[in-house]
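Undergrad: The primary structure of each chain is shown beneath.
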Amino acid sequence: MEFLNYFDNVFTVYHIALLVGGTFAGIILGALPGLSPTMSVALLIPFTFHMKPESGLILLGAMYTATVAGGAISAILVNVPGAPANIATAMDGHQMAKKGLSREALHYCFISSFVGGIFGVFILIFFTPPLARLSLEFGTTELFWIAILGITIIATIDSKSVVKGLLSGLFGLMLATIGDNPVLGVERFVFTDHLEGGVNIVVGLIGLFAMPQVLNLMEKYYSEKNPVLSSEGHSSLMQSFRFVFSKFKALSIGSFVGSLIGIIPGAGGQIAGLVAYDQTKKVSSNQSNYGKGEPEGIIAAESANNSMVGPSLIPLLTLSIPGSPTAAVLLGGLLIHGIFPGHEIFISENTAPVVWTFIDSLIIAQIFMLIIGLFLSRHSGWIMKVPDNYMAVSILVLAVFGTYSIGNSYSDVIIMVVLGTIMFFASKAGFSAVPVVLGIILGPIAENNFLLGKLIGGARYGDDWVIYFTTGTINITLIAICIISITYGLYSNRKSKRAYK
Amino acid sequence: MNQYFKISTLIVTLLAALLLFTSFDEVFNPSPWGENEDYLFPRFIAGGIAVLSLLLWFERDDKGKPTNFMDLLPGLGLILAYLISMNTIGFYMASMIMFFAVIMIYKKPEETKDFWRVLLIKLSISAVFILILYGLFTLMLQVRLPRGLFF
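From first to last, the protein sequence lines stand for chains S and H.
Under this note's numbering, the first residue of the first sequence carries the number 69, and numbering increases by one thereafter.
Under this note's numbering, the first residue of the second sequence carries the number 1060, and numbering increases by one thereafter.
One chain only, chain S, in its complex shape (with noise of 0.2 Å):
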């Protein structure tokens, strides 16, 4: 319960205000179409460099929280995911709001994101042996079927075409290919100069969802009415939070799930919602309504996606191995405050109180997060009455501002256009955004685990290194999980297609 002797740190009216004005900002940064928290935390590092580092640590702790969650803001209000975290909830959030129901939405994303953000930190705060032990379990087999899973579950979430969902997976993972070899260093697909650095994720993530939304405004702006997108709803707040807590069983896995994948390096909010969104559907009596505007949907994922924000920094705080992207910057703002993670941090006197203020703070980050999110949520509906030609316009600037501040790099603005123009076409033709941007994030992490698998594979088997991939029991129960979702999919695909004709 050593925990508990730091909250006289957080409740000063300087870090108060930190927090306020962090929750405040990170909120409106996450709902900004492209400003994903990985930006968002990464622009604020230097403004905490002047600053003592608990108080540095509270401000992008809030930072983190909140843009995860606010990136749901744009999710559900405009089919365009603030964050990779947020691809989950778009998919029934954006439908409530086009049945005029945006305010349940939203008042569901922020109480459900504050739920499983409490369960997270607890977790955090509780498990963190335990848990820092288990992810030791994880060596390069693992997590490159862990990847392998992402793409899998791709193809159950895709619900039109399972075919066309694992190819857009396959090509999202050909996008991460591009660029150096991760291992040997050598230069693969740099068919031109723009593609040296390869595709970065913020890039493709930017390019795939933004640069389709705002062509797609651009070509219905005459032909078609705007989307009725009102933040206008029906139930008052204590009618949400009386429906989210009857929603027991969705709260439950988004947060056990968001926690179990954050504690895993690398993977990160996005596959923590998506994979809670799935498994809630796979048990859920309303199957049928997801993707239509069912609050179960939205409630698994923002649970999960929260949850996932304190277990992300397990590996982190222990091990130095970032849960998730965001994590993996918040280690650049760790190590410029010198603190270098491991046991020794909630040991040393210099650092253990430091390191307790900033878990306590995202305790308070979380009441926060939900006070501030409920008071946007009933006046986030003036982003509606933009017109689409001034959304559009905006969405498309934001997006290059955002593209090119990440590396400060022109070609990333030319990837971004092609990417998202290639995108919009494309799904002209059935594909989907989601499981390119999965295998863009998904593609660093499966591939660095297959050559360095392939090589102790090698030293240990000779030619046949497959052995290596193919044994120990967490390799052979993700390998089951991999093949079930795919064949669930394909019996779905024909169930629905059955239910069709």
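None of these hints come from the bench; they were simulated from the model.
Where a beta carbon is used, it is the ideal one built from N, C-alpha and C, also for glycine.
Do not rely on the hints blindly, as some may be mistaken.
What the hints assert, rightly or not - Result set (PhoX-like, lysine-lysine): computed pairs, CA atoms no more than 25 Å apart in a straight line:
{"id": "1", "chain 1": "H", "residue 1": "K1124", "chain 2": "S", "residue 2": "K167"}
{"id": "2", "chain 1": "H", "residue 1": "K1172", "chain 2": "S", "residue 2": "K288"}
{"id": "3", "chain 1": "S", "residue 1": "K496", "chain 2": "H", "residue 2": "K1065"}
{"id": "4", "chain 1": "S", "residue 1": "K166", "chain 2": "H", "residue 2": "K1166"}
{"id": "5", "chain 1": "H", "residue 1": "K1166", "chain 2": "H", "residue 2": "K1181"}
{"id": "6", "chain 1": "S", "residue 1": "K496", "chain 2": "S", "residue 2": "K317"}
{"id": "7", "chain 1": "S", "residue 1": "K228", "chain 2": "H", "residue 2": "K1065"}
{"id": "8", "chain 1": "S", "residue 1": "K496", "chain 2": "S", "residue 2": "K288"}
{"id": "9", "chain 1": "H", "residue 1": "K1124", "chain 2": "S", "residue 2": "K166"}
{"id": "10", "chain 1": "S", "residue 1": "K496", "chain 2": "H", "residue 2": "K1124"}
{"id": "11", "chain 1": "S", "residue 1": "K360", "chain 2": "S", "residue 2": "K120"}
{"id": "12", "chain 1": "H", "residue 1": "K1181", "chain 2": "S", "residue 2": "K288"}
{"id": "13", "chain 1": "S", "residue 1": "K350", "chain 2": "S", "residue 2": "K563"}
Stated by the list, open to error - In silico negatives: residues of chain H with every beta carbon more than 10 Å from chain S:
{"id": "14", "residue": "A1076"}
{"id": "15", "residue": "F1083"}
{"id": "16", "residue": "M1152"}
{"id": "17", "residue": "F1174"}
{"id": "18", "residue": "W1175"}
{"id": "19", "residue": "R1176"}
{"id": "20", "residue": "V1177"}
{"id": "21", "residue": "L1178"}
{"id": "22", "residue": "L1179"}
{"id": "23", "residue": "A1186"}
{"id": "24", "residue": "G1194"}
Chain S is fixed; fit chain H onto it per the hints.
TA: Leaving out everything else, chain H in the frame of chain S:
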């Protein structure tokens, strides 16, 4: 399978063939240092894409969504001009012109009344939008962006 899907499936198949060929190029033309495994992982991916692209020919699908090129082309043209001009006149100037051009070209019929008033209002909105971005990102967050005229 309708015409739209035939074309898209053909494009995917050709792309799969190209990826497969490129990833095996090293095998056909080995480097002087002998064969290495730079392309090993992409080969598996390209193989998977090739198999799935063949399966795509047997897919039965709904009708594809047609593209309204008439309304889309001005936007695509503006985006191209925006990208080209960004490096010469700078991010902020190019963005302001882009903002103004889009809201002037894409407008509802009712907006054609009182042309000069609408023009002045839209020009002001474009300038305010860019000034907010400049204040927030360049002055406050000190983000580096392509520079050019004025900024």
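Undergrad: Against this structure, judge whether each hint is valid.
TA: Evaluated hints:
no.: 1; hint: K1124(H) - K167(S); verdict: holds (22 Å)
no.: 2; hint: K1172(H) - K288(S); verdict: holds (22 Å)
no.: 3; hint: K496(S) - K1065(H); verdict: holds (13 Å)
no.: 4; hint: K166(S) - K1166(H); verdict: holds (23 Å)
no.: 5; hint: K1166(H) - K1181(H); verdict: holds (11 Å)
no.: 6; hint: K496(S) - K317(S); verdict: violated (35 Å)
no.: 7; hint: K228(S) - K1065(H); verdict: holds (17 Å)
no.: 8; hint: K496(S) - K288(S); verdict: holds (14 Å)
no.: 9; hint: K1124(H) - K166(S); verdict: holds (20 Å)
no.: 10; hint: K496(S) - K1124(H); verdict: holds (5 Å)
no.: 11; hint: K360(S) - K120(S); verdict: violated (47 Å)
no.: 12; hint: K1181(H) - K288(S); verdict: holds (21 Å)
no.: 13; hint: K350(S) - K563(S); verdict: holds (14 Å)
no.: 14; hint: A1076; verdict: holds (13 Å)
no.: 15; hint: F1083; verdict: holds (12 Å)
no.: 16; hint: M1152; verdict: holds (12 Å)
no.: 17; hint: F1174; verdict: holds (17 Å)
no.: 18; hint: W1175; verdict: holds (19 Å)
no.: 19; hint: R1176; verdict: holds (17 Å)
no.: 20; hint: V1177; verdict: holds (12 Å)
no.: 21; hint: L1178; verdict: holds (15 Å)
no.: 22; hint: L1179; verdict: holds (16 Å)
no.: 23; hint: A1186; verdict: holds (13 Å)
no.: 24; hint: G1194; verdict: holds (13 Å)
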